[in-house]
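Q: Protein chains in written order, with the numbering used here: chain G, 1 to 499; chain U, 1 to 228.
Hints may be right or wrong, so weigh each one.
When the alpha-carbon atoms are kept at most 25 Å apart in a straight line, the in silico DSS-like pairs for lysine-lysine are as follows [claimed, not checked]:
1. Lys123/U to Lys266/G
2. Lys202/U to Lys326/G
3. Lys365/G to Lys326/G
4. Lys88/G to Lys57/G
5. Lys184/U to Lys326/G
6. Lys123/U to Lys326/G
7. Lys373/G to Lys418/G
The hints are simulated quantities; they were obtained by calculation from the structure and are not laboratory data.
Listed below, chain by chain, are the residues.
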Amino acid sequence: MSFSLFCLALCFASVRVRASAPATASNSPTIFYVTAPRPEVTNGLGCWIWDSVTFNKQTVRLWHRFEVPKTNPIVRAELRIAADNAFKVWLDGQELGSGSDWRTLSIYHLEGTLNPGAHVLAVEGFNDNDQAGVILGFRLETANGQIVEIRSDPASWRVVPNSEGGWETARPTENWPNASFAANFGRVPWWQIPASVLHISGTLPKPIAVWQSREFQVGLFAGCGVFVIICLHLLVQLVSQSKAHRLVQAERDRIARDIHDDLGSKLTQLLLTGEVAQIGSAPAASEPLSQMCDGARNILATIDEVVWIVNSQQDNLEDFAIYVCKYVQHFLQLTAIRCRFDVATELPAKNLSQLVRRNLFLAIKEAVNNAAKHSQATQLTLRIELIGSQLNVVLADNGHGFDSAQVSQERNGLINMKLRLAEIGGVCQVASRLGEGCQISFHVPLKPPSLFKTWFQARNREETTARDPLQPEGVGSPTNTAENPPVKSPETSPVAKPQ
Amino acid sequence: MKVPFTNTSDKATVPAAVSVALVEDQEDLCRSWVQIIESFGGFECVCTCPSAEEAVRRIPEARPGVILMDIRLPRMSGIECTSRLKELLPTTPIVILTVLDDDELIFRALQAGADGYLLKRSKPAELRSALLDVLNGGAPMSSAIARRVVRSFRRPPANPRNEAHLSTREIEVLSLLSGGLSNKEIADQMRLSVETVRSYLKTIYDKLHVRCRTEAVIRYNANRSAVP
Numbered sequence: 001m002s003f004s005l006f007c008l009a010l011c012f013a014s015v016r017v018r019a020s021a022p023a024t025a026s027n028s029p030t031i032f033y034v035t036a037p038r039p040e041v042t043n044g045l046g047c048w049i050w051d052s053v054t055f056n057k058q059t060v061r062l063w064h065r066f067e068v069p070k071t072n073p074i075v076r077a078e079l080r081i082a083a084d085n086a087f088k089v090w091l092d093g094q095e096l097g098s099g100s101d102w103r104t105l106s107i108y109h110l111e112g113t114l115n116p117g118a119h120v121l122a123v124e125g126f127n128d129n130d131q132a133g134v135i136l137g138f139r140l141e142t143a144n145g146q147i148v149e150i151r152s153d154p155a156s157w158r159v160v161p162n163s164e165g166g167w168e169t170a171r172p173t174e175n176w177p178n179a180s181f182a183a184n185f186g187r188v189p190w191w192q193i194p195a196s197v198l199h200i201s202g203t204l205p206k207p208i209a210v211w212q213s214r215e216f217q218v219g220l221f222a223g224c225g226v227f228v229i230i231c232l233h234l235l236v237q238l239v240s241q242s243k244a245h246r247l248v249q250a251e252r253d254r255i256a257r258d259i260h261d262d263l264g265s266k267l268t269q270l271l272l273t274g275e276v277a278q279i280g281s282a283p284a285a286s287e288p289l290s291q292m293c294d295g296a297r298n299i300l301a302t303i304d305e306v307v308w309i310v311n312s313q314q315d316n317l318e319d320f321a322i323y324v325c326k327y328v329q330h331f332l333q334l335t336a337i338r339c340r341f342d343v344a345t346e347l348p349a350k351n352l353s354q355l356v357r358r359n360l361f362l363a364i365k366e367a368v369n370n371a372a373k374h375s376q377a378t379q380l381t382l383r384i385e386l387i388g389s390q391l392n393v394v395l396a397d398n399g400h401g402f403d404s405a406q407v408s409q410e411r412n413g414l415i416n417m418k419l420r421l422a423e424i425g426g427v428c429q430v431a432s433r434l435g436e437g438c439q440i441s442f443h444v445p446l447k448p449p450s451l452f453k454t455w456f457q458a459r460n461r462e463e464t465t466a467r468d469p470l471q472p473e474g475v476g477s478p479t480n481t482a483e484n485p486p487v488k489s490p491e492t493s494p495v496a497k498p499q
Numbered sequence: 001m002k003v004p005f006t007n008t009s010d011k012a013t014v015p016a017a018v019s020v021a022l023v024e025d026q027e028d029l030c031r032s033w034v035q036i037i038e039s040f041g042g043f044e045c046v047c048t049c050p051s052a053e054e055a056v057r058r059i060p061e062a063r064p065g066v067i068l069m070d071i072r073l074p075r076m077s078g079i080e081c082t083s084r085l086k087e088l089l090p091t092t093p094i095v096i097l098t099v100l101d102d103d104e105l106i107f108r109a110l111q112a113g114a115d116g117y118l119l120k121r122s123k124p125a126e127l128r129s130a131l132l133d134v135l136n137g138g139a140p141m142s143s144a145i146a147r148r149v150v151r152s153f154r155r156p157p158a159n160p161r162n163e164a165h166l167s168t169r170e171i172e173v174l175s176l177l178s179g180g181l182s183n184k185e186i187a188d189q190m191r192l193s194v195e196t197v198r199s200y201l202k203t204i205y206d207k208l209h210v211r212c213r214t215e216a217v218i219r220y221n222a223n224r225s226a227v228p
C-alpha cells in the first residue's frame with residue numbers, strides 16, 4: 001500500500017516537472033529586437049502552406065517530423081516563421097512562441113542542444129479572414145558545423161485533424177493529410193519581404209528524460225492503478241475473511257455454550273438421579289447404577305474436552321499449557337506415576353489455532369496413555385516451552401524404555417502421533433533405550449502464515465466449497481428425468497382405460 | 001479463619017448437623033443435591049434458592065455453615081452472588097459447583113471469594129470430603145489454578161487500595177503446586193506439615209480475594225455481555 005502511494009507521489013512529481021519545463025524555456029532571457037526588413041531575412045524560407053480548404057476563423061495544425069543526425073547533436077538553431085494571420089509554434093511539445101501579425105517575420109535564435117533522433121515541429125495557424133498561409137524555415141547547426149534545413153512545403157508537412165489530442169508530439173496516422181500549397185514565396189501576402197522582422201532569443205527544448213516521457217508516465221499510472229486495485233482487492237478479501245473468521249468463532253462459542261447448557265446440564269441431572277437412586281439401595285442393585293454413573297462421568301469428561309477444543313476464547317498458548325497440565329495431572333492421579341511440570345510461569349502471548357490445539361493435545365494424550373500403559377515409570381515430566389517461534393512439548397518418563405528398532409511402531413501409537421504432528425507442520429521425535437526411560441518430543445512451528453498464504457488458502461477453500469454443493473445436483477438430475485417417464489406411464493394407462 | 005464447625009464442636013459428644021445452603025436454578029438437580037447431602041449424615045439443607053437474587057435475600061437470614069453455589073444462573077451469575085454473599089457473610093465458606101471443568105471461570109469465582117470448587121459430576125464421596133475440607137479451613141488448589149494465581153499476583157491490582165502481597169513461602173508453595181506436586185509432596189519438600197500447607201493455601205485465597213474484590217465480578221459480566 002505504501003509502495004503504491006510512493007509511486008503516485010512520483011507520478012505527480014514527474015508531471016509537475018513536465019509542466020514546468022516549457023515555463024523554464026520561456027523564463028530564460030528572451031530578447032526581442034526589431035531590425036529593418038532586409039532581403040536576406042527571407043533566406044531559407046519555404047513556400048506558404050495551409051489546409052486544402054481555406055475559410056474565415058479557421059485553425060489549422062501543421063506537423064513536421066525531422067531527424068537529427070546520429071553522431072551530431074544540434075547546438076544552435078534559427079527558426080523563421082510568419083503566418084497569415086497568426087501562429088503558435090512548438091518543438092517537441094514545448095512552446096517556442098507565437099505571433100499574430102501577418103506582415104512580421106519572427107526569427108527565433110535558439111541556443112542549447114537537440115539530441116540525435118526524431119523531433120517534431122508543430123505549428124498552429126489561425127486565419128482571421130480571406131487568404132491564409134504559414135511560411136517558415138528552420139536552420140539547425142550541428143556541433144561540427146553541418147547545417148540541417150527545414151522549410152515549409154506541402155510534401156513534408158501534414159495537417160492534423162482538430163480532434164487529435166497531444167498532436168504536438170504524437171505520431172502521424174494515415175488520416176493526417178498532407179499540407180496544401182497556398183502560395184509561392186514572393187507572392188501574396190507579402191510579395192518579396194515582410195514589413196518588419198522581430199528577433200527573439202530562446203532555448204532549444206531540454207531533452208525529456210525517460211521517466212518524463214508520456215509513455216512512461218502512462219505506464220507508471222496504469223501500474224500504480226493496477227497495484228492499488230490489487231491492494232484494495234486483497235484488503236476487501238482480508239476484511240471479509242476476518243469477518244468470516246469472527247463468525248466462525250462466534251459459532252464455535254455458541255456450540256460450546258449449547259453443549260454446556262444442554263448436554264452437560266442434562267447429563268449431570270441424569271448422573272445425580274442415578275446417585276440418588278443408589279442411596280440406601282442394596283449393593284446388588286447399586287452395582288449397575290454405579291456403572292451407569294461412571295459412564296455418565298466419562299461422557300461429561302469427554303464433553304469437557306470437546307468444549308475446550310471448540311471454545312475460541314482459549315486459542316492461546318497459556319490456556320493450552322494450563323489445560324494440558326490439568327489433563328495430565330488428572331489422568332496420572334489414577335496411576336502410580338507422579339507428574340512434574342516444567343512450564344514457564346509466564347508464557348508469551350501467542351495464538352494457537354484450533355487445529356494446532358486439537359492435534360497437539362490428542363498427540364500428548366496418546367503419549368501419556370502410552371506411558372501409563374507400557375512404561376512402568378514412577379515419574380513423568382511434561383515440559384512446554386516456546387523457543388523463538390517453535391513450540392516444544394516434551395514428555396519424559398523414567399520407565400523401562402524400549403528399543404525403538406524392535407518395538408512395532410503401530411502398537412505404541414507412534415504413527416498416530418507422527419500423523420497428528422505432520423498435520424500441523426510439526427515433527428514428533430521418540431528417543432528411548434532399554435532401561436533408560438523414554439522421551440517423546442513434539443516440535444511445532446508457530447510462524448504466523450504470510451498474507452499471501454492466508455489469501456491463497458482462503459481462495460482455495462472458497463473454490464472447493466463452491467464446487468462441492470453443485471456436484472450432487474449435476475449427477476442427480478439427469479437420472480431423475482430419465483427414470484421419471486417409465487414410472488409415470490404405467491400409472492397413466494389404467495386411468496386412460498375407463499375412458 | 002473462623003470455622004462454623006467449631007461452634008458446634010463445643011458439644012463434642014453430639015455434634016449438630018452442619019447447615020448447608022444451596023443455590024441451583026434447576027429444580028430436579030436441586031432435589032437430587034438435597035437428597036445426596038442429607039444422605040451423608042451430619043449435613044442438613046436449610047435453604048435452597050433457585051436464583052442468585054433470592055440467595056442474596058434469604059441466605060444471610062438462614063446463616064448456613066456452608067454454601068454450595070452453581071456458577072451459571074439466570075440473570076445474576078453465581079460469581080457475582082458469591083461476591084455479594086462474601087460481603088454479608090465473610091466467614092461462611094462458599095463452594096462453587098460447575099458442570100464443566102473451566103478453570104478460567106473457577107478462577108474468577110475464587111477471586112470473587114469462593115473457598116473451593118467442585119465439578120457437579122464428582123462422586124458423592126468427593127462432595128462430602130470437599131465439604132468437610134472447606135469447613136476445616138482447607139483450600140483445594142490444582143496446578144492449573146495455582147498457575148493462574150501466580151500470574152494474577154504478578155500484575156498490579158485494578159484498585160491500588162487492594163494491594164496484597166504473597167510471602168516467599170506462599171510463592172514457593174504455589175510454584176511447587178503448579179509444578180504438579182500434591183499437598184503432601186509439597187509438605188515433604190518444604191519440611192512442613194500438610195496442615196501448614198493447607199493454611200498457606202487458605203491465606204493465598206484470602207489475599208487473592210482482597211486483591212480482586214470487585215474486579216472479578218466486573219470482568220466476568222463484561223465478558224458475558226460480549227458473547228450474546
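Q: State for each hint whether it applies.
A: A quick look at each hint next to the structure:
This hinted pair checks out: Lys123/U and Lys266/G have alpha carbons roughly 17 Å apart, not beyond 25 Å. Proposed proximity of Lys202/U and Lys326/G is supported: the alpha carbons are some 21 Å apart, at most 25 Å. For a cut-off of 25 Å, the pair hint linking Lys365/G to Lys326/G stands: about 12 Å separates their Cα positions. Proximity of Lys88/G to Lys57/G is assessed by CA-CA distance (about 15 Å); at most 25 Å being required, the pair is judged to hold.
Among the hinted pairs, Lys184/U with Lys326/G is consistent with the structure: their alpha-carbon atoms are about 18 Å apart, no more than 25 Å. Our distance criterion of 25 Å between C-alpha atoms is met by Lys123/U and Lys326/G, whose separation comes to about 19 Å. Between the alpha carbons of Lys373/G and Lys418/G the distance comes to roughly 19 Å, so the proposed pair stays at or under 25 Å and holds.
Violated hints for the displayed structure: none, as all numbered hints are satisfied.
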